[in-house]
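Go ahead and model the full structure; you've got the sequences and the hints to work with.
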Amino acid sequence: AEDAAREAAADLSGLREQHGRDANVAAESSASLREQLLMLRAAYDSLFASTMGEQAGRQEAEARADEHAVGLRTAEAIRLKAEAEFTERLRHKEARLLELAEAGSEKELQLRDSLARHSDASA
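Residue 1 is where the sequence shown starts when you use our numbering, and the numbers rise one by one after that.
Quick caveat, the hints were computed from the structure, so don't treat them as lab data. Warning: the hint list may mix true and false statements.
[Said to hold, decoys possible] Cβ pair distances, simulated, as ranges: (1) His118 - Glu94: 52 to 58 angstroms; (2) Leu40 - Arg6: 47 to 53 angstroms; (3) Leu38 - Ala1: 53 to 59 angstroms; (4) Ser13 - Ala42: 32 to 38 angstroms.
From the three backbone atoms N, C-alpha and C, an ideal C-beta is built for every residue, glycine too.
Encoded structure:
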């Protein structure tokens, strides 16, 4: 019985030593995993911040592009309005020039007619 008790005590002592070694390995593994988890979190946070920065940059660029598009549409509308106004003024000036040319032609005919009558009268 004593031998069995010593043997049981030796087995128990061996199991305690094995448990201690297993506990140390588990603690080292846990610490290593915790360190890896912290590194992964830091990498994720960095990537997230970078992605958010890029997204903000894209949104800002899109907003500027939208502003430029509005500016271009406004400039195009102004150009078309100015072109229409210029065309209208040009049409009025052409009509006035035609009126003046017709009046000049009538005056010329009257002068020729008057000149012809004076020539006939003096002859």
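Each hint tested on the structure:
no.: 1; hint: His118 - Glu94: 52 to 58 angstroms; in the structure: violated (36 angstroms)
no.: 2; hint: Leu40 - Arg6: 47 to 53 angstroms; in the structure: holds (50 angstroms)
no.: 3; hint: Leu38 - Ala1: 53 to 59 angstroms; in the structure: holds (54 angstroms)
no.: 4; hint: Ser13 - Ala42: 32 to 38 angstroms; in the structure: violated (44 angstroms)
The structure is inconsistent with the numbered hints 1, 4, although it conforms to all the rest.
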